[in-house]
Amino acid sequence: MLDDDLIPAEPAPVPKRRHPLRNTFVVLGALVVMVLLALVGGAWWIDTASGHAWLLRQAAASKVVSIGKLEGSLYSQLNVADVVVDTPEVHVTIDQASLRWKPLELLERRIGIDALDVGSVHVTTKPQPPNKPTSPPPTSLRLPIAIRANDLQLARLDIVGTPLVFTALQASLQSDGETHKLTIKQLLTPRGRFEADLQLDGDAPFKSVGQLQFRGVLDGKAMQAGVQLDGALRDLNVQARLQSEVAQASASLRADVFAEYSYAMLKQARISAERVNPQQLLATLPQASLSANITLTPRGKDHADGDVQISNAAAATWDQEAVPVTQISSHFVVSNNRLDLTNLQALLLGGGVLSGDGQFAQDRLDAKFKLKDLNVAALIKNQPPTKLSGDIALKGPYKAPDVLARLSDQRYKTNAEADLGWIRPETERRLAIRKLNVQRGRATVALTGEFALDGKQDFKAKGKLGNFNPAEYVSTPVGNISGDFTAEGALQPHWQGKLQYTLAQSSFNGQSLAGQGVAQLDATRLVTPGLWLQLGANRVDAKGALGKAADRLQLHIAANRLADIGAGFAGEVMGDVALQGGFKRPEIQGQLQAHNLRTPYGVQVASAKVDARLFPDLNSPIHADIQLADAQGFNANIKALHFNLQGTRGAHKLALQMNGQYQAQPLNASLAAAGGLDEQWRWSGRVEELQAQSLLNIKLLAPTNLTAGADVVGLGDTRIAVGAGLIHIARLKMTGAQLDTAGEISQVPVAEYLALAGIKTISSDMILSGRWQLHGSDTLDGTLDVQRDSGDLKLVGGTPQPFYLTALALHAQAQQSRVALNGQIVSDRFGTVKIDGNTQIDWRDKAISPSAPLVVNAAGNVEKLDKIAPLISNTLQLAGNLAFDVHRTGTLDRPVVSGAINGNKLAIRDSASGLALTDGALQMVMQDNRVTLKQFLFHGGNGTLMADGTLDIGKEGPNAKANVVADKLTLINKPDMQMIVSGKGLLGYDKDGISIKGNMRADHGMVRYQASGEPHLSDDVVIAGAQKETKSNVALTALQFDVDLGDDFTFKGYGIDAKLIGALRLRASPNQSLSGHGTVSVESGKYAAYGQNLTIERGILSFAGPLDNPGLDILAMRRGGSVEVGVAVKGTANAPRVSLYSETALSDNEKLSWLLFGHGTDSMDKGDAAVMVQAINGLLAGNGGGDGIGQQVLGEIGIDEIGVSTDKHADGTTSQVVSVGKRLTDKVSIAFEKSLDGLEDAIKLTLRLSRKWSLITRFGAYESTLDASYNINFDTLPW
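Just so we're aligned: 1431 in the working numbering is position 1227 of the sequence shown, and the numbers increase by one with no gaps anywhere.
Careful, some of the hints might be misleading.
As the list claims (entries may be wrong) - Cut-off 25 Å, straight-line C-alpha distance, at most; resulting in silico cross-link-like pairs (BS3-like, lysine-lysine):
#1 Lys1138 - Lys1178
#2 Lys505 - Lys572
#3 Lys617 - Lys660
#4 Lys585 - Lys617
#5 Lys1256 - Lys1290
#6 Lys639 - Lys576
#7 Lys752 - Lys813
#8 Lys505 - Lys471
#9 Lys1138 - Lys1050
#10 Lys572 - Lys599
#11 Lys603 - Lys660
#12 Lys330 - Lys411
#13 Lys1138 - Lys1172
#14 Lys603 - Lys471
#15 Lys639 - Lys599
#16 Lys306 - Lys389
#17 Lys330 - Lys389
#18 Lys603 - Lys664
#19 Lys639 - Lys591
#20 Lys330 - Lys603
To be verified - Distance ranges between label pairs, derived from CB positions:
#21 Val916 - Asp623: 55 to 65 Å
#22 Leu899 - Lys1188: 30 to 40 Å
#23 Ser1053 - Ala961: 43 to 53 Å
Just so you know, these hints were derived from the structure itself, not from any lab.
Think of the CB as a built atom: it goes at the ideal place given N, C-alpha and C, for glycine as much as any other residue.
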């Protein structure tokens, strides 16, 4: 053993003890590294193509979002396309979007977006249940992370189903999570530009502040609107205004944005508006001119009340896209999520009124209305007039209330009852027609059904008709129709429906009516197993289908007695028609015959026969043969017509022969052509023959090529004789907007076209010619010329008056759609008139461009007005010269007129009226649609007539005012009438008519009336063939004119020769004919009656109504005799009461004797007196408005009195004595007496000393005497 072996070994080192968590940390660290590596790898992978595809699949699997395309990087710039978001509330589509952002900002708890650019977005809202619970107001609007979006852009936003369209959004959004700021730099709408700057706190009460601005156009005028916001969202102050030339509005509101119900959002309001047109704000809204005042005033906590007043100054019918309501008013109260409406009233066009009360409580509506005198014809044109009244009640969820209505119509004696509601309103919008009954007398209509307002819009209906008489509603024969029908179908995605009907125990026009059938119809196909309708001996049957290639629909017509249909119908129609194939292009085959056909529309056909077979393809043989005999209607009488077509659709021949009369003129026409139709139904071929003989004869001089279709017309070189003129069309081709044509006209007689137009007041031997060359594609270019070659125009009626035309020419030229016009008329009668103008044509619309100026200039100088006078009237004479230079500028619908009209040395004389005005001057200036009468001066006698005024020619129509002043103007100067007047007046004219105000005084007046004695027809005589007088379209809207006869006005006529004084006030209006108020009195004068010139002691004409029937109060006396008598006239001019008058009581015979002879009847035999009275009365009474024949004869030879008496001789014999006398004065008269036996011839001189005493001396052939006479009237003695 070695010593070393004895050395003990060193003990083994003890291993270090490790911490028990060390391995855990190592494992966790490894896991973290692995997770980080996985996240990094996942983040890298998710931005690869496979990662993008996985994201698209996950989005599609959500059933909420789908993305069609994803490109770019998720961490810098990302592009997506065809994005769809579909939720139960909304469906959104986005065509494309691009996002550029910085993900590293997420480390700072901020989303950093440099730019977000979105294309077109379409939003479709989905119907919601009417009783869907409202969302509670939020408790916080904080965001979990800040947002920085510097550039937000949106190309287009469409809210489907509404007219809301927004474009070109440029905005930015900044938020630190607590405060949010939104700036809208630009948002365009169809009406203008929108800008906004808003800020909102995310913590309650959500204080906000901001402003919104809008600038745009309203009704063609600039418009500005602004809104200021300030306050908490539950108590938000809103100040708004709208300013424009055509409308103004302002609003001051306090609102609760989070109110549980929309009607409870307003807490306080004051809103006013004037002349607001809703359609200018939103294109789909109706037109109106609304003025509104709305107030809402707080009355305590959660309580406010107010009033609303809305008027509509432009109320019109619905079909005019307007609001047929003139006024709406109501009082309302808002409190505790409740809105109460009281005294609601709406005034409708036509006098209808809707009134009632209602309330919105939470989501419930309870309203009751009364309807009175609703006239549907006043709300919608071309509808029957009604007078509906009744009750309407709405109750239930305010988005889907039940409707109960009971209405009646007094006009039609009709009652209606309706009960409408909703089916499953919590899931769909489906209207239930529980009951709809209409009854009029014995007639009833009952209907039930349902209609879906969303989805497929499917419907079902079941109805019953009983004892219905169509004659009670429209002009038809009496009927009694009863039956049942059912209908079902849908409107989306394509309309389709099925109808089934059965008529039973029905009649029409006294004939039995029956029918039954089933038909199913959609947009492409009709199917019916059979349907028929029979009235009396007339029946129509249909069976089969139409729409598919193998379908065939067969129609059979057996109208054996058309008189069963109603009055005016007669004859029979028989035949069969078959249609096969599709709707749009079916094969048609049919044979129809008619005999003795007559209709109430003036169409009659003695015999007709149609045999046709038409195929839709180009190559199948087709034929059509139509024959008519003795057909009448529309001013035509066709003795025979034959149309024949043979061949195929692509190549056929056609011929037409027709003869008869049109407007009582012979009509003969023939046509022969060969050609074909192509796939677009355009006909191309050659017209071999075309001629027509009628009011204007037309003849094709040589065969020509023709192409005609819905969008194309083409002609080759064509020569046509029209009347005595010739038309040469060198070329013509029109295809859509393309036009290429050239040609000329020659030897065109104007007289033929005057006769064709029915103008009989002008005759002519003028010959015109012209030429044209036009080309249109994007623009119009070319020329057009028309000129007079020879001849003149004449005004006929009385003495023919030539126009003495020496030149007439018109030239138009178009270049790049700029059209210039030049024309000239030269006449030896009215000088030279030049016209020129220009404008811009919108060739695509074939109309003048709305924004292009339309310029027209007209200038002329009529050097001698006396040559024009005969064209106006045979009694009118003119003198002087007139020059005008008028310009029209502005657009087509907004013209601007300017220029001048000047006249010098003017004179107007009219022999018929006695008007004579001389030394006249006229100066009119036109500027900006205002015509100013700067000078209007005429002289008449020693007086003048002057006027000044203005005429506005605006869009609303003309508006004129003129002041007229006459100073001692000799207005009329004729042998039988003279009138010198002074006065002034105001003449007005607008779209409603003429108004006249003023006063006039006669400085001198003289009227001599004499009956013409010419025979005339009675008013009830109608002259056959005479043209009716056309009434003027200008109405007299107001007349207020005072007429003073002055101090020198005399009148002679109707037996009156007197000086008149007095004044009249003339009045007239649209609802009142011309009337006069005032009196005209006789100041002094004579009245001729019974051969005597009586002194008018009282003469009064009282006017209190129509001028032609004044009240009369006239007393004319014969003074100076012992008995004074006269004539009294009472009553009215249309019904005068004439009586003999005496101051003492006398019989009419005594009054007449004293009136005629100046003595009583005691000196003549009664029989002789009776004969005398009849003879003298008949001789001297006259007949007409002037003096009688006897009065005219006696007046001419100076005789006042004529009489017959009987004298006794001393031997007891008697002799008849005729006396002829003349009153020298009221006291002295002289007479010549001639007896029939020649023994009592004498000259008698009478001197009246008093009423009873007279001295009478006679110088006779055999004796002379002097007598004193004392007259006693025994009728006046006391006994």
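Going down the list of hints, with the structure as the test:
For a cut-off of 25 Å, the pair hint linking Lys1138 to Lys1178 is broken: about 31 Å separates their Cα positions. Straight-line distance between C-alpha atoms of Lys505 and Lys572 comes to about 28 Å, which puts the hinted pair past the 25 Å bound. For a cut-off of 25 Å, the pair hint linking Lys617 to Lys660 is broken: about 38 Å separates their Cα positions. As the CA atoms of Lys585 and Lys617 are separated by approximately 22 Å, the hinted pair is consistent with the 25 Å bound.
This hinted pair checks out: Lys1256 and Lys1290 have alpha carbons roughly 9 Å apart, not beyond 25 Å. As the CA atoms of Lys639 and Lys576 are separated by approximately 22 Å, the hinted pair is consistent with the 25 Å bound. Distance restraint check for Lys752 and Lys813: the Cα-Cα separation of roughly 30 Å exceeds the 25 Å cut-off, and the hinted pair is therefore not satisfied. For a cut-off of 25 Å, the pair hint linking Lys505 to Lys471 stands: about 10 Å separates their Cα positions.
Of the supplied pair hints, the one linking Lys1138 and Lys1050 is violated, its CA atoms being roughly 41 Å apart against a limit of 25 Å. In summary, the hint linking Lys572 to Lys599 is supported, as the alpha carbons are separated by about 9 Å, within the 25 Å threshold. Our distance criterion of 25 Å between C-alpha atoms is met by Lys603 and Lys660, whose separation comes to about 21 Å. Distance check on the hinted pair: Lys330 and Lys411 sit about 32 Å apart at the alpha-carbon level, beyond 25 Å; violated.
At roughly 22 Å between alpha-carbon atoms, Lys1138 and Lys1172 fall within 25 Å of each other, so this suggested pair holds. For a cut-off of 25 Å, the pair hint linking Lys603 to Lys471 stands: about 22 Å separates their Cα positions. Pair hint Lys639 plus Lys599 holds up; C-alpha atoms about 16 Å apart against a cutoff of 25 Å. Of the pairs offered as hints, the one joining Lys306 and Lys389 holds, with about 23 Å between alpha carbons and a cut-off of 25 Å not exceeded.
Between Lys330 and Lys389 the alpha-carbon distance is near 31 Å, which puts this suggested pair outside the 25 Å criterion. Straight-line distance between C-alpha atoms of Lys603 and Lys664 comes to about 22 Å, which keeps the hinted pair within the 25 Å bound. Taking the CA atoms of Lys639 and Lys591, the gap is near 22 Å; set against the 25 Å cutoff, the hint holds. Restraint check for Lys330 and Lys603: the C-alpha separation of about 14 Å stays at or below 25 Å, so the hint holds.
At about 57 Å, the beta-carbon gap between Val916 and Asp623 stays in the expected band of 55 to 65 Å. The hint said 30 to 40 Å for the Cβ distance between Leu899 and Lys1188, and at roughly 55 Å that hint is violated. Look at Ser1053 against Ala961: about 31 Å separates their beta carbons, and that is not inside 43 to 53 Å.
Consistency note: the structure conflicts with the earlier hints numbered 1, 2, 3, 7, 9, 12, 17, 22, 23.
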